[in-house]
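Following the hints, put chain B in place on chain A, whose structure we already have.
2 protein chains.
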Amino acid sequence: MRYQLYYWPGIQGRGEFVRLALEDSGTAYDDVARGKGGKASSGLDAMMAMMKGAGEKKPPFAPPFLKSGKIVIAQVANILFYLGPRIGLAPKDEGQRLWLNALQLTVADFVKEVHDTHHPVATGLYYEDQKPEALRYAEGFLDERAPKYFGYFERVIDKSGGPYLLGRKISYTDLSLFQLVEGMRYAFPKAMKTIERKISKVVAVRDRVAERPNIKAYLASERRIAFNENGIFRRYPELDK
Amino acid sequence: MRYQLYYWPGIQGRGEFVRLALEDSGTAYDDVARGKGGKASSGLDAMMAMMKGAGEKKPPFAPPFLKSGKIVIAQVANILFYLGPRIGLAPKDEGQRLWLNALQLTVADFVKEVHDTHHPVATGLYYEDQKPEALRYAEGFLDERAPKYFGYFERVIDKSGGPYLLGRKISYTDLSLFQLVEGMRYAFPKAMKTIERKISKVVAVRDRVAERPNIKAYLASERRIAFNENGIFRRYPELDK
Chain A
4 MRYQLYYWPG IQGRGEFVRL ALEDSGTAYD DVARGKGGKA SSGLDAMMAM
54 MKGAGEKKPP FAPPFLKSGK IVIAQVANIL FYLGPRIGLA PKDEGQRLWL
104 NALQLTVADF VKEVHDTHHP VATGLYYEDQ KPEALRYAEG FLDERAPKYF
154 GYFERVIDKS GGPYLLGRKI SYTDLSLFQL VEGMRYAFPK AMKTIERKIS
204 KVVAVRDRVA ERPNIKAYLA SERRIAFNEN GIFRRYPELD K
Chain B
4 MRYQLYYWPG IQGRGEFVRL ALEDSGTAYD DVARGKGGKA SSGLDAMMAM
54 MKGAGEKKPP FAPPFLKSGK IVIAQVANIL FYLGPRIGLA PKDEGQRLWL
104 NALQLTVADF VKEVHDTHHP VATGLYYEDQ KPEALRYAEG FLDERAPKYF
154 GYFERVIDKS GGPYLLGRKI SYTDLSLFQL VEGMRYAFPK AMKTIERKIS
204 KVVAVRDRVA ERPNIKAYLA SERRIAFNEN GIFRRYPELD K
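Protein sequence lines correspond, in order, to chains A and B.
In short: position in the first sequence from 1, add 3, done, that's my numbering.
In short: position in the second sequence from 1, add 3, done, that's my numbering.
In isolation and in its complexed conformation, chain A is listed as follows (with noise of 0.2 Å):
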């Protein structure tokens, strides 16, 4: 089976949380609005229709979303939840589904809260309209927001037994919290360096996703985009502390 990713191209953003699991698994996908050669507007004008709602029944509200042969699956945590048993990043019990799903959904949580960050006032506007709020959206976010997110998926380990978030085997929330460390170094380094003393656990998970062969290799290919001031992780110093 191979799958068909549609997300903004350009932006790691939330379709960055479905890139690493296929990416981890070899999974066989097509970006398809970033497309090959030339083919790329392409891609992004289907991404559009099919929001839109051309000739679908079934229109997602917004990227990310996944197409699995004639089905189309739109939200983040809805698309690993689909994938998760079948490329091997998830058991296949009803009880544990569950569960990782509801640690995906806190992850899916958190990132809005990142992405608040820079756009507290309204997605619609620019940050540079919306600095003053952001200063203070920020300075909680950081002491409290960040440190709570944090400190529950490093509880969630430690009563797993460890390594990873379910315990010995690892799945697809892994390769999220990854990324959201990666995310928020790139984003608030100083503030990461505070925060990162209490959570060793979950910088353990980190250390252990980025030395897998096929993440290595993804993380060093063309195919990750870097982050940008676009994404959902944005570094402005001025919010970092």
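In short, the hints are calculated from the structure, not lab data.
If you're wondering where the values come from, they're calculated on a predicted model, not measured in any experiment.
Check before you lean on any hint, since a few could be wrong.
Note: identical chains are not told apart, hence a pair may lie in one copy or across any two.
[Said to hold, decoys possible] Calculated lysine-lysine pairs in the PhoX-like style (CA-CA distance at most 20 Å, straight line): (1) K60 / K70; (2) K162 / K55; (3) K115 / K151; (4) K193 / K151; (5) K162 / K60.
Using the frame of chain A, we list chain B on its own:
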């Protein structure tokens, strides 16, 4: 099977999306933290202890969560994904369940943005401490975001052939859509008058849900907590327009 729902007492909040599904389907459940008679505080203590992970190998990050026999399920969309087919409010087909889950996750995204109209800067601060930011946030929310979300659900109903999101059969996300309309009418009565002009199919879902016997009985009962200014949907007239 009797379920135990854990959620903050005193507000509808996110727990309400689960309550509506349990009530509509006539499913037996305990609203643990609200308790019965004098037992409320011990139920709340139990909820807090579960989050702290006392004796719990899989501690939830936040309420609501549902206990079903030995398993504990957190995150609204995840709870409804589990309950749906068991209580007759979701199809059993995998593709349909994933589609419904994507819709429910879009409801969750909408709810988070509603919450942020009164808490754009920090969950840990009072509304009164973030009023200027809330005024700016609410403007974009009412002009763009709320119409965009509702317009999306309108399109989905249209494409399914109606009258519900999935077509002829009601699902748990239709109950959530009812709650979104009710909540928005409570919080932003003026803006909703304008918004509702373009979403007649969404409003028709709201009306159908309101007429269902179990929902009618629930809404008239003491179990339905009134909207108030501690919940997700708050009436602050200065934010409406």
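Earlier hints that do not hold, by number:
none
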